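There are 2 protein chains.
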Amino acid sequence: MNQQELIIKITLDAWNAQISRTNKLLAELTDEQLSKQVAPGRNSGVYLIGHLAAVHDGMLPLLGAGEKLYPSLEAVFLTNPDKSDLSKPSTTDLRYYWNNVNNKLAEYFAGLNPDQWLQKHNAVSAEDFAKEPHRNKLNVLLSRTNHLSNHLGQLIFLKK
Amino acid sequence: MNQQELIIKITLDAWNAQISRTNKLLAELTDEQLSKQVAPGRNSGVYLIGHLAAVHDGMLPLLGAGEKLYPSLEAVFLTNPDKSDLSKPSTTDLRYYWNNVNNKLAEYFAGLNPDQWLQKHNAVSAEDFAKEPHRNKLNVLLSRTNHLSNHLGQLIFLKK
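If you read the sequences in order, they're chains A and B.
With my numbering, the residue at position 80 of the first sequence is 80, and numbering never jumps.
With my numbering, the residue at position 155 of the second sequence is 155, and numbering never jumps.
Extracted from the complex, chain A is given alone in its bound form (with noise of 0.2 Å):
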């Protein structure tokens, strides 16, 4: 393993970590715990689940591994707050949408080799990548794993 292979086995690694632990705690916590605000005033448990899967569901065509699963979770995660009028998918369906797209995540990065971590996201432009190598698939990763990081230190509070 060459250097570049090593340091994107640790950035894989700390994703996988952070993905692992989230899992561990969800399946701890029933579906009533999760109904539940993390804090006072605060997200849902449900929604974070859903705003995790529609932040990685995003990964998957900015990462150009193919569309993304679940478009529809978007508008109810993402673009409006836990207190819109929009309905929510079940939990029990919201758990399993986690579950496939990174899932799909998993098996798009496997194929990856150190060379196309570099290659840009698709949400800059060969011009601009030119100018700024920092825009790629690797910085979309790190990014993405401190979001899930900053998510599950707080549904966390969920457990008893």
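By construction, these hints were calculated from the structure, which means they are not laboratory data.
All of these numbers come straight from a predicted model, not from anything done at the bench.
Among the clues, some could well be false.
All copies of an identical chain are treated as equivalent in the list; a pair is satisfied when it fits inside any one copy or across any two copies.
[As the list claims (entries may be wrong)] Calculated pairs, DSBU-like style, for lysine-lysine (alpha carbon to alpha carbon, straight line, at most 30 Å):
#: 1; residue 1: LYS83; residue 2: LYS159
#: 2; residue 1: LYS9; residue 2: LYS120
#: 3; residue 1: LYS120; residue 2: LYS68
#: 4; residue 1: LYS131; residue 2: LYS24
For chain A, the structure is supplied; the task is to place chain B on it using the hints.
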């Protein structure tokens, strides 16, 4: 900039982004707000800042950047919970420690070249490191970035 340098830049940028977000939040929060629990029955803002300062202080010896600046933080904010009998530093002091530790880390990071980032950290033996080369300084940075994101997601609840 070669690919390895680019990846290290991205990882450092992610760390710096979380530090900046935290500093921005801390600038907005009064000492009074920081004295509150982030959610009912959970850690106070003061405890979390002390905890983060203690963990970042511990990065100094772990990375070979020198001794801890504030070793007394460990007992108060790492090995004992918020509700221990140990007296806590003033919030003014904690804000200062937090900044000072991060500035010391930033100074150290600025002097590391890409190969040094991939050298072992000080909690792994040379023998184990030969078999597990991912246990390096960059990995510490990644893991502490996620740790910070995790608690930042909680501190934000102190905002009105």
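We went through each hint and held it up to the structure:
Taking CA atoms no more than 30 Å apart as the test, LYS83 paired with LYS159 passes in both settings, with 22 Å inside one copy and 19 Å between copies. Taking the shortest alpha-carbon separations for LYS9 and LYS120, both the intra-copy value of 19 Å and the inter-copy value of 16 Å come in at or below 30 Å. For the homomeric pair LYS120 and LYS68, the shortest alpha-carbon distance inside one copy (19 Å) is at most 30 Å, but the shortest distance between copies (40 Å) is not. For a Cα distance limit of 30 Å, the shortest separation of LYS131 from LYS24 across copies, 28 Å, qualifies, whereas the shortest one inside one copy, 41 Å, does not.
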